[in-house]
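The primary structure of each chain is shown beneath.
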Amino acid sequence: MFLATNNLHKKILAISLLAYGLSDASIASDAEKQVAYDRPVVLTLESWRSEDAKIWNNEILPVFEALHPGIDVVFSPTKPTEYNAALNARLDGNTAGDLISCRPFDNSLELFHRGHLLDITQIDGMKHFSDVAKSAWSTDDGDATFCIPVASVLHGFFYNKNIFSKLDIDKPSTEAEFFDVLKKLDKASGLTPLAIGTKDQWEAATVGLNLVGPQYWEGENGRLGLINGSKAFTDPQFVEAFSVLERWRPYLSRGYQAQSYSDSQSLFLLERAAIYPGGSWEISGFQSEAEFPIGVFRAPVKSEGESCYISDHTDIGIAINSRTAHRNEAMLFAEWLTTQSFANLLTNKLPGFFALSDHPVTVDNPLAQEFLGLRTDCMSTIRLASQILSRGQPSLGNALWTLSAEVLNGTKSPLEAALDSQNIIEGKRK
Amino acid sequence: MNIHESAEVTREEFKKNTQHKRLKSLTNIGLVAPALSIYLTFSLWPLLNTFRLSLYQTTDSGDRKWVGINQYIELFGNPIWSDQFFNALTNNLQFFGIHVVVQNSIALFLAVLLALVSSRASTFYRGIFFIPTLISVVVVGFVWQLILSPIWGITPNLFDSLGLDHLFAPWLGLESSALITVGLISVWQNVGLPLLLFYSALIAIPQELIEASRLDGLSEWACFWRIKIPLILPTIGVVNILTFIGNFTLSFDLIYAIQGGLAGPSFSTDVMSTLLFRTFFGFQTQLGDHGMGATIATCTFLLILFVVGMYLLLIQRRLRIH
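In order, the protein sequence lines correspond to chains E and V.
Everything in the first sequence is counted per the working numbering, starting at 11 for the first residue and increasing by one.
Everything in the second sequence is counted per the working numbering, starting at 10 for the first residue and increasing by one.
The following block holds chain V by itself, in its conformation from the complex (with noise of 0.2 Å):
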């Protein structure tokens, strides 16, 4: 092989290295269009349209009228519109904060539990417990209303039969009680996926860390707190943003299926997400209103984003340092 010839190879090999490139890049486009264009046509358009529909006001004759930021203005300026939305805002946020006391707590001991035992008994109970999340919501609903119902359901038979009758309340019909009570019904319908989530995490904890911080006599418990948790926090922090999105938008369904679009007794289990239903859609006797539907959709949404995205900035790039 002489000098000439070796020239003559690099340079088509430089040739073929840009066309390599720049097919590369092709390629890379080629393969995140479809996903990009379904994001764009079916998240983003919608996004930026609802805004553009909150802008608007419809009129009695169902045209629709230009009327700047007057319906943001109205949503919390005028009480009838501000009591609901704060109602419905509390709503959300203690839906969310039963959600995390008690969902993702449960679903953390029975992961660490899961994690100890022998890997066939651990996908048996891990099935078990993922079962309510695969069951249609509706059929959710009207299972638990049942067994709540105080005239045909199993829960008054089972006080009365252990004489704390006087305990038993209709839970799902009193102002006080009915939220906490869908709450903990879509806690055991959902608590299978942060449970596979830390399960997951905690299984992926390398050995080693856990054999050595035994041989310098850590507990259980102390290990628990010291290694499994700080190296499972990303998990955490992602399984609660997860749980605040959900309670926004899944919360509907639970709550439509059990307690109708009217979110009894006496909107104590409205949410932003039945509330925007109404609005939007008319309810009953109430009309519907698809400028201030919009409104409301449009705050929720930006609520949502602001919170995840000061999640992201703050919280999880810490994480990953750590």
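So that you can see chain E by itself, here it is in the shape it has in the complex (with noise of 0.2 Å):
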């Protein structure tokens, strides 16, 4: 009896689990019918910004999601140094996102070339942008233009407003007053006057040579001149560049060889070292790090009265995926890219990016303002090896880091370098 019982009870429990798991079944599947009847498109969006992440996904990408309900962005960032490599490899694997960010000029124009990018010069919106902003992401002749130019960066010192009064330093805009500058900073101790290292070796070149060099080679002046062949590196100006970064290395922090990027921000930001040569993609990091009040000048000029020039890269684009499951979504995004509100979330969300397209737009943050006040009288110039000098092999563009790395290290003088740089253009010209 006990038995039957026991068995009836287990046959109960048994038809009661049943009937409750195809209660529960088919709950769910009305569920998923109810989600897959207005599932948003998810849109992939590749970037190198980690840094940035929050801010596109918390703040930017939420006010386009608004716009279009059905579309969800997603914000995927990939180191700086790997993004190139990791992007190539999944464009040509096909798992790539469906947007896709753009390096200046070369390595997008090979991604074109390849099939990788839709032509997007059609897009209504891209008659908001100069043809300086698209000259990065179009084709040689200028036919067909590739990414939605999304924004610039600026160029120059950054410096601790605190120490500078302590020690009653102004701010340097020539030279000899940056190395005035340099020596009284030297002089308080336990302090390191420039933070700067080579270990990355990348900073050497984009913060140093492009940053102080323009006013030696007169910005696009001595640029042009070098892709037109009607300079070479082994002219005076351009080994004067150099000759300036070596300059610096008595300024350094102990052991700077082996001192990272990160190595360098975090002895700014600990206020052990005084000037930060960077650039405007810093600003959001360094506000809400830093305790002390932040500065910002210009590169020096040689003398008094000379006519200066301000390293104005054209930084990021944003292109679609040419296999994208999704074109027609990708293209109202990208439409959205060209529109004043895209231009003021940009500019003011992530300060230190300039949008490039004409919309007026209101810099909020003061120190942004003050990045774009010193290119208000500067003539502007991108990074000296973006457009086509890279091209080939070796690349002129990853060969300068890794010279203005040597001539910091002292272990290449700056004529050295500037003949390897110049051995290199010419190497390609046969």
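One should not assume that every hint holds.
[Claimed, not checked] Quick partial rundown of chain V residues pointing at chain E, CB under 7 Å, derived from the structure:
| hint | residue |
| --- | --- |
| 1 | Pro159 |
| 2 | Gly182 |
| 3 | Ser275 |
For the record, the hints were derived by calculation from the structure and aren't laboratory data.
All figures in this text were calculated on a predicted structure; none of them were measured in a lab.
Where is the CB? At the ideal position from N, CA and C, for every residue including glycine.
Now that you have both chains on their own, put them together as the hints suggest.
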């Protein structure tokens, strides 16, 4: 008897479980149908700006998603130094995102030639961009544009205002004043005048050579001269640019040869270094971390009264992956990137990235304003090796990293570095 | 049992035997098949395909063009490539040298000591020496970078407090010392494996041999050189050949984690695998070149194949006979 009831219990339990399971399943499938009905299209945006992921995901992209409720855009960053390699592999393997952040010039041009990026010349909003802005992401003849120009960055020297006022130092504007300031800072104990290292190599070229160099090679004049062959790296102006870099050596931190990019940032933020050669992309990071007022000054001119040049680099564009499954949605996003609303969001949510469209935008962030102020009476130029010069093997862009680092390390003289650079250009002309 | 019956039995047995043999060989093939198919798909096929890829060049439009051995000629004939190639090869050989001299002799030394102590103590120490091998390369790279950092590291402070600050240098950042430093970090991490191999070879030596040599009046030192070393020579050979292969394949992780893809300063820590990585996938403004990458990969493979082949043909055989 006992046994029988026990069995009965089991049966009831089993049946009720089954019923529960069935009902549960039917509920779930109903819910799934519901979701499938209005499941948003997800667009993935590939980028190298891991530092900005939070702001893109929480503040910029939701504005677009609110306008287009059926579309979700996800910002998916890769480490900057690995971005190009990883992106190329993903595009070849057809696993890349629907939207691609474009490096300026040849990296993206190659992707376009290989058919990875959609030709978006005909997008309506393209009229809001100047030819200079578009040149970074157009074919050499200018016929086709394949990335929406998104942002440019400016180069400059950040400085710790507290340290400067304590030591009674003014912002330098000429080369001589700049080195005077460095000398004064060097005398203050426990302080590194300039926060830059050579371990990661790129800073030496990007915020070293390309920050101070344009004053010597006269910005676009020198850059275009190298491209058309009327100027050579061995010309005194380019050698001088390398020499100025060499003169930084006594003012760097102990063991700067093993100092990484993040080490330099920390040195400046912990007030162990007074000046940080960098670019406007650092603004939001610095402002959220620093406990002291930060100012900025531009690369010193050779002597009083000379015209000044500022590295105003077209840095980020956004393209559509030609093999995306959601071309229409991606097009909507691309259109949105050309609007005033986006220009405003980018400039103010990510201070330091300046929108490239012609919409009037007010900059709220004081440090970003200060950066823009540097540009008002100077001539803009882009980084030396970005356009055309880095094509082929070896890439001049990469070589300049190594060579500038070697000059800062004292293992190559400015003349040797200039000779090596010129050899690379000539080797490819043959 | 009569004759008739017994003949019947042998015939049946014979039948059974052949059936059994056939079954056995089928089973053998069946047992090997999974491993063989995995090897063919994931090892042999990629190797052959890499070689095939090295005979093609990717054009600007992304198409592949047959160029025969042109890329091999370019790799060895054009100084832009050959300089990089031989720089990487030299660094690889130096890296190998550091491992043979430092890692394997430390491993042997520790193994000898471990074979002498009680088994409980030896288990404890083996565990300790093996721990670094289990830590992720990225963590090892990060930790050592911090230890050696001239700005935040413990090393400069240690040197300062000992009054030896003039001896401290940013070793990872100097061309003269970067490769050796990375090499020593790698030794620290990887010493556990050869240690275990040496240890197991040492304790496998029959105790009678050692006792007999003692009775014949051999000292501990002489016993080590005359009895133990010759008996573990095959293991020493295997360890060195594993070191050689690992030096081409495993070195990438640590160098990439510590020095990045440009293997700085000034390519002083560039090895074949980092060169291959940059060439194949591209790095920053350098665009990826699949054909040339495959050419470098094939050269590396042939080099390893040649050395390992020579070792097996010339040395391993003799060791067996010995």
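Hints and how they fare:
no., hint, result
1, Pro159, "holds, 2 Å"
2, Gly182, "holds, 3 Å"
3, Ser275, "holds, 6 Å"
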